[in-house]
Amino acid sequence: MTYRFRDLLALEPLSADELNFILDQSQPFQEIQRHPLKKLATLRGKTVVLAFFENSTRTRLSFGTAASRLGADTMNLQAEASSLKKGETLLDTANNLNAMKPDCFVMRHSSSGAADFVARHLEIPVVNAGDGTHEHPSQGLLDALTIRDRKGTVKDLNVTILGDISHSRVARSNIHLLGKFGCRFTLCGPAMWVPRELEKIGPPGTPIRCVYRVEEALEGADVIMVLRVQTERLHEPSLSQNDYILLYQLNAERMRLAKKDALILHPGPINRGIEITPEVADGPRSAVLEQVTNGVAVRMAILYLLMVGATEGTHPALEGKGETSPKESAHASD
Amino acid sequence: MLLIKNGRVLDPASRTDAPRDILLDGERIAEIAPSGKISVANAAEVLDASGLIVAPGFIDMHVHLREPGQENSETIETGTLAAARGGFTAVCCMPNTKPVNDNASITRFIVDRARVHGHVRVWPIGAASVGSKGEAIAEIAAMREAGIVGVSDDGKPIATAKLARQIMDYCRTLELPVIEHSEDVSLAAGAVMREGIASTRLGLPGMPAAAESVCVARDVQLAELTGARLHIAHLSAKASLDQVRYAKQNGLRVTCEVTPHHFTLIDEDVTYDSRYKMNPPLAARADREALWQGLVDGTVDAVATDHAPHEPALKDVEFDKSPFGILGFETALGLALEQLVHTGKLSLMRMVELFTTGPARVLGKERKLAVSEPADITIFSLDRAWTYNVNESASKSRNSPFDGKSFKGGPAATIVAGKIVYRA
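Listed in order, the protein sequences are those of chains A and B.
FYI, the numbering for the first sequence is 32 to 365, going by the working numbering.
FYI, the numbering for the second sequence is 32 to 455, going by the working numbering.
Calculated from the structure, these hints are not laboratory results.
Do not take every clue at face value.
Unchecked claim - Have a look at the derived ranges for each label pair, beta carbon to beta carbon:
#1 B:E206 x A:A110: 52 to 60 angstroms
#2 A:H152 x B:T47: 47 to 55 angstroms
#3 A:T33 x B:K439: 40 to 48 angstroms
#4 A:P268 x B:T47: 38 to 46 angstroms
#5 A:E246 x B:N422: 57 to 65 angstroms
#6 A:T88 x B:A270: 40 to 48 angstroms
#7 B:K352 x A:R89: 23 to 31 angstroms
To be verified - Listed below are the simulated DSS-like cross-link pairs for lysine-lysine, each with C-alpha atoms no more than 25 angstroms apart in a straight line:
#8 B:K269 x A:K231
#9 B:K36 x B:K399
#10 B:K352 x A:K117
#11 B:K352 x B:K427
Nothing here was measured: the structure is a model prediction, and the numbers come from that model.
Where a beta carbon is used, it is the ideal one built from N, C-alpha and C, also for glycine.
In isolation and in its complexed conformation, chain A is listed as follows (with noise of 0.2 angstroms):
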């Protein structure tokens, strides 16, 4: 097995052998985070821009740790100081950036596509950290390994979605992602931010509901993901705040309807008091901060497999052969 593209652009294309390969890879770099020293010199010389042309805090951290941990240089393009303000056009930003020769090209853009933009016109690996209400694969990546990591698997479970699923990037990754193993799909919310279409959008054959009763939605759950209320990013339509809460927020009494061990998701950040109330977001089946530090080791195994596995042709941790598998080099740097 080898990652057979030279982007990671979306989850849709990719075979659920090969997101498995993925999350395997993520393995090792998972326990490098418990390492006292975390850093590793497989990258060492590679650069890595992060262009986040949309606001982030938390993915443009976890991609800049994961570089820097495999020992790359980054490159920080922040849409607040970036010369899009002087009306440059995304394809001469990249351009520009790729001009300086980096090696790798992580970006984040409010528009659907974006990435599969550039990604068209650059020779470099793109990385897709989210475009638009499209994917965003690190996510689903993340969250399927922090569901393997708790329930030891991602195969065949009932996965429920709470949100403005139809503006959700997050939902999109992670209906591609945990389809291909058999998951079975309710999206809950309300009904303008929960089209039926949705039902058609997975691998074929992957049952998705729509309910737009969360008490419906809840009941046999083993996974919950819950989506954030952007309040500053207009929802369209745009919802009452009482309503939703009223209607959708997760809280104590209405996660009895879910299994009893259901694994709470959220993307971040949290609206406390919103879309999901404080002693639900900090309770025993919450994994938001597993999800976290499950972003850095993720993103780390998706750097490595593209910088190493594209330029290199092979992945030697897989084969077994080679000298620099994420696990070997972790123990050499210790």
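Given chain A, put chain B in place with the hints provided.
For chain B alone, kept in the frame of chain A given last:
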């Protein structure tokens, strides 16, 4: 003198489908006779149309030539050359130029430029409202004097039902068609493609079919109220077509056009490549089937390209930031043959009608092959294999999703006012 010999003449106006020779004298048709019957003066140039179809000159009643104002994307010269290469002998250019063609001076500018630089006839469409802003009625009578053949606020609908009603009332008395880009702008706001499974999967904001059909319903009812000639531009949705069918059954003077891209592609074909972005957007599979039906049963009056050039710098951006529109001239006939004729959906006669007598009737014109008629003729092949290379397009722009596509049959020669303006 130009003699077109040995062709299969196809003329929807007279329902002719027979081997005929046609002699052109200056700008007019001088003689039409069975093959070999016209005795040629030595001075006559001969165009051998063996194995080809000889039809009345094709009309594209919905195009954007971008002049004045956006000459980086297209000019009257380059646009009409592309039209000639597509087999068109006349084009109706929409008024959304910069400035908007909402007064007689701009109309005269376009007509004059076309006379000097145009490769085919240019029949301008005037703005319905001043600046196409939807506030006041434009100087439609003065523009008619200058040469417009219809009015439209294309790019958007006439802003309010009240103004649309007034313009329809006025244009009825001026005997001009009102060409509507029917769209409920609130339903379409922010959308970049048709709403459906494909838009949901891609995470691109979609507009429902109702964004079009709600406004078509408004416009059809206003046509009923006013008795005006209403033409629905680039109709894409089944629900809209049903409105037009209803109007026709009730004797209203309502017509419509369909673009080659809407009878060829659907929303499932959309990728993040902005060459798949146009307005109205590519519709659902069921809509395309309804359009095919409408093309067959006569509900659709014309095929029009909505040729919408945008210079590469404008299109080479994120999908949602790209302007709407794609090139149309050079691939229209190839697509019509491929999708409609070679598949057996349409007779060749019906297809030719959709490019000739159909749009002519909408515009209140005649189009036929007869002695003393203008010598505008489109000659095309049914079987010539060719591949579209957009980098060789006569247009200044490159925004076609059909780049690299192979076709069977296409334009062979285009004759305008007795002159060969294009020959394959």
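Requested in this report: Could you tell me which of the hints above the structure violates, numbers in ascending order?
Outcome: Violated hint: only 4; rest satisfied.
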